[in-house]
Amino acid sequence: MEYSPGEIMTIAAARWLRNGSVCFVGIGLPSAAANLARLTHAPDVVLIYESGTIGAKPQVLPLSIGDGELAETADTVVSVPEIFRYWLQGGRVDVGFLGAAQIDKFGNINTTFIGGSYEAPQVRLPGSGGAPEIVTAAKKVAILLKQNRRTFVERLDFVTSSGYFERGGGNGGAKVRGRGPTTVISDLGVLVSDPATNELVLTAVHPGVSVEQVRNATGWALRVAANVEVTAKPSASELAALRDLHARTAAAHGSAAGAE
Amino acid sequence: MATLVSLREAAAELVHDGDSVALEGFTHLIPFAAGHELIRQRRRNLTLIRMTPDLIYDQMIGMGCAARLIFSWGGNPGVGSLHRFRDAIQTGWPAPLAIEEHSHADMAARYQAGASGLPFAVMRGYVGSDLPKHNSKIKSIECPFTGEVLTATPALRPDVSILHAQKADRKGNVLIYGIIGIQKEAALAAKKVIVTVEEIVDDLEAPLNACVLPAWVVSCVCVVPGGAHPSYAHGYYKRDNAFCIAWDGISRGRETFSAWMERHVMGTADFAEYRRSSEAEAKVSSHR
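So the protein lines, in turn, are chains A and B.
Quick note: the first sequence uses this note's numbering, first residue 22, plus one each step.
Quick note: the second sequence uses this note's numbering, first residue -10, plus one each step.
I should point out that these hints are in silico values taken from the structure, not numbers from a laboratory.
Quick caveat, the model's predicted, so the values are computed rather than measured.
Cβ coordinates follow ideal geometry from the N, Cα and C atoms, glycine included.
Taking beta-carbon pairs under 7 Å as the criterion, some of the chain A residues facing chain B (in silico):
id: 1; residue: SER85
id: 2; residue: PRO102
id: 3; residue: PHE105
id: 4; residue: GLY148
id: 5; residue: GLY275
Build the full structure now, drawing on both the sequences and the hints.
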């Protein structure tokens, strides 16, 4: 069965989520992947959205982080301070599932600006949202991001949310409780952080993608594992579940919202 | 005690040039009607506070209401950029916009501190982030018991907080349900509170533990059916996703933005007239 780079990325990310884990979900690609996991191999994954919905089971993908569908299908809906203080900061979240505009080799991410300076940016992006605390409070974090030299960069213009913050020169004594962004899933492959050096290492390529192709799409000298695996091809049932989810979403929102 | 007045009167009486104003509602119950009324009344030099500026602050910034923005995520949810927000930060149009940028967890904690009568909020935040280098309000504090370094930021105390809710009773008690976001904290942190509601009812029929703002913490209640459009009011109407997508095109250029705002907001007397005006145009363009 034919599939797109966006589909294999979403499916690879969905597979990474374990059944029963408590997942703090970002909007867009992470939300698509987390719901695909819930609809396939991980029916008991607990999806938390920062709008305060705990255990959301949406039938269509939300366009915003606070769609009514999330509230209606949740086990409970709490306030925004409660979601961040009790549930995230309180250490209840197993996995943070996030997107980004740019990433560096230590898993630091930028969602603030590109080009120019903070005071006079060339392109101002939305900013941090919940990410600065999700990356440090969740037990581990996966970042989902399409891979090219503009997104996988040697040096970020701004560290919005930290990975292993080599660049920032340490964290001033503050404690980080989680393991940080252990995994990055792109449309080309999977990168995993090396516990010894904290650097992202290419451990898998998606079917039909060469290691050279991934190197060329990376803005730094990419480290590659001794044995690079090949991601299993999407199964017919995975593809059907993903396409049904996108079709339901498009019908509900009157657009291709959330589709890749 | 809450008084039942028109939105025009509430805005004129309670919101003044130079005030700090928080229009809250976390993607749900965004008080668009109130934002439009402040634009119509040509409020200037406002400090606008909101976790997610969304389309409503894009409109207020583009119409020149704001001097300062305190926020944590400035995008058009599910669609992309806020073009007027970007233009103001990147080029200072139509007026320079000072920004005070935080994370969601921090904004929530700052409102909570304000509602709690505390001078500052404390949290584990921003570890390894560059944000504290560009925001002097993000400081650190040592825990007196463990020595752990924590983040401290000042309490938010808006001059006026403005919310949209599902309903109020005749005394002005307000019921909010669904995604309740930061509304209770924003109301209790503020010096004055305006709430627009879908309807006034004899009995709120509020379940136990519901999010109710008692009439005595609310300054004014204004009935504005549909007042959260294009966001949604749970139990009343859905989010107008088509409008949020259309806004990307309307707001991309200064001229198209200004013409749209002049025609549909400045050129209408109130929110009901605005809805008729903007929906008529949307119907025409969808038939093209």
